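**Q** If you're matching them up, the sequences are chains X and B in order. All the letters of the first sequence, read from the start, carry residue numbers 1 to 137 under the working numbering. All the letters of the second sequence, read from the start, carry residue numbers 1 to 405 under the working numbering.
Calculated from the structure, these hints are not laboratory results. Treat the hints with care, as some may be off.
[Claimed, not checked] No farther apart than 25 Å at their CA atoms in a straight line, the calculated lysine-lysine pairs in the BS3-like style are these:
(1) LYS82/B <-> LYS65/B
(2) LYS341/B <-> LYS372/B
(3) LYS103/B <-> LYS6/X
(4) LYS195/B <-> LYS172/B
(5) LYS22/X <-> LYS380/B
(6) LYS319/B <-> LYS6/X
(7) LYS46/X <-> LYS121/X
(8) LYS6/X <-> LYS121/X
(9) LYS114/X <-> LYS48/X
[Said to hold, decoys possible] Partner residues are not named here, just some residues of chain B that face chain X (Cβ under 8 Å, in silico):
(10) PRO17
(11) MET87
(12) PRO336
(13) PRO386
(14) GLU389
(15) GLN392
[What the hints assert, rightly or not] Stretches of chain B that chain X covers, calculated by requiring three or more beta carbons in the stretch to come under 8 Å of a beta carbon on chain X:
(16) 296-310
(17) 341-349
(18) 374-385
Just so we're clear, the structure is a prediction, and the values are computed from it rather than from any experiment. Quick reminder that beta carbons are idealized off the backbone N, C-alpha and C, glycines included.
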Amino acid sequence: MAYSEKVVDHFNNPRNVGSFDKQDPDVGTGIVGAPECGDVMRLQLKVKDGIIEEARFKTFGCGSAIASSSLATEWVKGRTVEEALEISNTQIVEELSLPPVKIHCSVLAEDAIKAAILDYKQKSQAAVEAAEATVQA
Amino acid sequence: MQLPVYMDYQATTPVDPRVLETMIPYFTQKFGNAASRNHNYGWVAEQAVETAREQIAQLIGANAKEIVFTSGATESDNIALKGAMEMYTSRGKHLVTLQTEHKAVLDTCKYLERSGRAEVTYLAPQRNGVVDLDELRAAIREDTVMIAIMAVNNEIGVVQPMAEIGALCREKNCLFFTDAAQAVGKVPIDVEAMKIDIMAISGHKMYAPKGIGALYVRRRKPRVRLSPIIHGGGHERGMRSGTLDVPSIVGLGKAAEIAQAEMEEEGKRLTDIRERFWTALTDTLDHVQLNGHATQRVPGNLNVSFEYVEGEGLMMAMKDLAVSSGSACTSASLEPSYVLKALGLGDDLAHTSIRFGFGRFTTDEEVEFALKTSIDAVTKLREMSPLYEMVQEGIDLSTIEWTAH
Numbered sequence: 001m002a003y004s005e006k007v008v009d010h011f012n013n014p015r016n017v018g019s020f021d022k023q024d025p026d027v028g029t030g031i032v033g034a035p036e037c038g039d040v041m042r043l044q045l046k047v048k049d050g051i052i053e054e055a056r057f058k059t060f061g062c063g064s065a066i067a068s069s070s071l072a073t074e075w076v077k078g079r080t081v082e083e084a085l086e087i088s089n090t091q092i093v094e095e096l097s098l099p100p101v102k103i104h105c106s107v108l109a110e111d112a113i114k115a116a117i118l119d120y121k122q123k124s125q126a127a128v129e130a131a132e133a134t135v136q137a
Numbered sequence: 001m002q003l004p005v006y007m008d009y010q011a012t013t014p015v016d017p018r019v020l021e022t023m024i025p026y027f028t029q030k031f032g033n034a035a036s037r038n039h040n041y042g043w044v045a046e047q048a049v050e051t052a053r054e055q056i057a058q059l060i061g062a063n064a065k066e067i068v069f070t071s072g073a074t075e076s077d078n079i080a081l082k083g084a085m086e087m088y089t090s091r092g093k094h095l096v097t098l099q100t101e102h103k104a105v106l107d108t109c110k111y112l113e114r115s116g117r118a119e120v121t122y123l124a125p126q127r128n129g130v131v132d133l134d135e136l137r138a139a140i141r142e143d144t145v146m147i148a149i150m151a152v153n154n155e156i157g158v159v160q161p162m163a164e165i166g167a168l169c170r171e172k173n174c175l176f177f178t179d180a181a182q183a184v185g186k187v188p189i190d191v192e193a194m195k196i197d198i199m200a201i202s203g204h205k206m207y208a209p210k211g212i213g214a215l216y217v218r219r220r221k222p223r224v225r226l227s228p229i230i231h232g233g234g235h236e237r238g239m240r241s242g243t244l245d246v247p248s249i250v251g252l253g254k255a256a257e258i259a260q261a262e263m264e265e266e267g268k269r270l271t272d273i274r275e276r277f278w279t280a281l282t283d284t285l286d287h288v289q290l291n292g293h294a295t296q297r298v299p300g301n302l303n304v305s306f307e308y309v310e311g312e313g314l315m316m317a318m319k320d321l322a323v324s325s326g327s328a329c330t331s332a333s334l335e336p337s338y339v340l341k342a343l344g345l346g347d348d349l350a351h352t353s354i355r356f357g358f359g360r361f362t363t364d365e366e367v368e369f370a371l372k373t374s375i376d377a378v379t380k381l382r383e384m385s386p387l388y389e390m391v392q393e394g395i396d397l398s399t400i401e402w403t404a405h
């Protein structure tokens with residue numbers, strides 16, 4: 001199967017590979033997929049004042065899965081959390097010219113963004129509640 | 001060194017130049033129909049076919065009359081299974097085979113089951129890929145017509161205990177059919193010593209062209225008879241009608257002759273390459289698993305799971321190597337290798353497998369290149385693998401609740 005040029009580029013020169021500290025309150029971490037299915041994506045976002053400043057990923061998967069997550073880290077950067085939630089898998093499919101059998105890779109990337117944002121929101125919510133609890137006590 | 005380096009000899013082999021050279025006159029000058037009995041063109045072609053038959057018979061310890069030419073191992077498998085189940089209905093309709101057989105055997109068995117012509121027992125091999133002889137013995141019934149067990153597995157290269165299986169079949173009075181596509185010309189096969197009754201042979205796995213193969217059908221003790229699946233002019237003792245592909249048959253014969261002369265030396269060389277390759281991989285990388293028996297395997301096969309790195313991604317990262325993977329992503333079905341799963345490997349490990357196939361034209365330079373390429377690619381992808389990171393941190397992956405999709 002031939003890969004599109006963009007997939008090959010992201011695969012050979014993946015953007016933003018790495019990790020943030022999961023405990024950092026400004027970091028949201030999303031892990032989606034399963035080893036049994038052949039792909040696991042971990043996407044991390046660092047948020048400041050509602051804007052995603054930086055993103056990192058690590059992915060276990062095929063070339064299209066790695067390219068989809070690499071692209072996702074580029075796309076979320078600079079967006080607000082709400083804007084990032086608007087990124088859909090179809091945009092990723094289009095950008096990377098993914099064939100039908102690889103659509104699940106784009107779905108996974110979209111899910112990873114959403115999972116990371118959810119994690120971030122839950123953490124900030126918990127932080128707010130903890131702060132309120134401290135004040136009340 | 002030509003790139004990509006070819007290391008997929010279990011998928012197919014190039015035609016040996018000596019084979020090709022032998023074939024060429026039979027396309028243009030000696031083009032006769034081997035069935036033409038009344039002129040020299042036919043006689044020349046027939047003579048060439050008989051020489052090839054003899055060369056193949058020699059390689060496997062058979063009589064030339066026991067060789068039937070077919071289009072390849074898939075066709076041979078079909079004739080063997082369908083032909084025997086139709087011919088021996090009075091004996092019963094039970095078949096015993098392995099879950100790790102080639103699809104040409106498994107799908108034919110499924111077809112026979114669906115059409116009510118066979119009841120099939122699919123045995124799981126042991127973890128190392130070798131059939132459990134006690135289980136095999138226990139699976140044989142009064143009405144078992146045939147045992148179908150391949151000589152060498154195409155994915156993991158495991159060599160089955162042929163002589164033991166053959167002896168068991170004789171004792172139980174059932175036929176022993178083996179798909180030996182990956183074995184003939186690579187490991188010694190002797191139909192007498194192994195008591196093989198029917199055997200499928202493939203040309204393109206042994207440096208002959210694609211589209212040619214053979215079926216060994218025992219003529220004496222016992223005399224095996226198979227109903228044809230292709231009807232016509234009654235060629236090949238009625239078992240396989242159709243004008244013979246003389247050039248390819250000549251090629252298959254020559255390939256058999258070369259294999260017989262060089263098998264021992266080539267086997268040693270390839271075993272040495274395989275051992276060196278494995279040692280270098282495991283010296284450099286952690287979390288590497290060998291799939292299939294360590295020594296009871298065909299010289300040119302190494303099937304490895306590089307844990308925490310997905311197979312298709314890995315093949316993309318080593319695009320200068322032509323290898324294959326048991327990863328789901330490389331198959332049309334999106335299911336990881338059924339062979340690896342039958343060994344008891346989890347889907348997660350099956351996804352990380354790579355099959356390296358070494359062969360006659362593999363050079364030391366290519367081996368060194370392949371080693372470096374593989375190690376670099378695995379290292380690079382592990383730096384990108386969340387699973388590898390978790391394992392390094394001491395997290396047990398089996399305790400994590402994954403979101404399957």
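**Q** Examine the stretch 296-310 of chain B: at least three residues should have C-beta closer than 8 Å to a C-beta of chain X.
**A** That given contact holds, which follows from 3 residues of the stretch 296-310 of chain B lying within Cβ reach (below 8 Å) of chain X.
**Q** Tell me if the straight-line CA distance from LYS319/B to LYS6/X falls inside 25 Å.
**A** holds, 16 Å
**Q** Is the hinted pair LYS341/B and LYS372/B satisfied, with a Cα-Cα distance of at most 25 Å?
**A** Violated: LYS341/B and LYS372/B sit about 29 Å apart, past 25 Å.
**Q** Any CB of chain X closer than 8 Å to the CB of GLN392/B?
**A** violated, 11 Å
**Q** With 8 Å as the cut and Cβ atoms as the points, is PRO386/B at the interface with chain X?
**A** holds, 4 Å
**Q** Mind checking the CB of PRO336/B against every CB in chain X and telling me if the closest is under 8 Å?
**A** Hint on PRO336/B: holds, closest Cβ of chain X at ~7 Å, below 8 Å.
**Q** Could you grab the alpha-carbon distance between LYS103/B and LYS6/X and see if it respects the 25 Å cut-off?
**A** At roughly 36 Å apart (the allowed maximum being 25 Å), LYS6/X and LYS103/B break the hint.
**Q** For the pair supplied as a hint, LYS114/X and LYS48/X, confirm whether the alpha-carbon distance does not exceed 25 Å.
**A** holds, 17 Å
**Q** Holds or violated: PRO17/B as interface residue toward chain X, Cβ cutoff 8 Å?
**A** Violated, because the Cβ-Cβ distance from PRO17/B to chain X comes to roughly 31 Å (cut-off 8 Å).
**Q** A closest beta-carbon separation below 8 Å is what the hint needs, so does GLU389/B meet it against chain X?
**A** Since the shortest Cβ distance to chain X is 6 Å, the answer is holds.
**Q** Take the C-alpha atoms of LYS82/B and LYS65/B, compute the straight-line distance between them, and say whether it is at most 25 Å.
**A** With a Cα-Cα distance of about 21 Å, the restraint between LYS82/B and LYS65/B holds, given a limit of 25 Å.
**Q** Please check whether the stretch 341-349 of chain B has three or more residues whose CB lies within less than 8 Å of a CB on chain X.
**A** holds (count 3)
Checked against the numbered hints listed earlier, the structure breaks hints 2, 3, 8, 10, 11 and 15; every other hint is satisfied.
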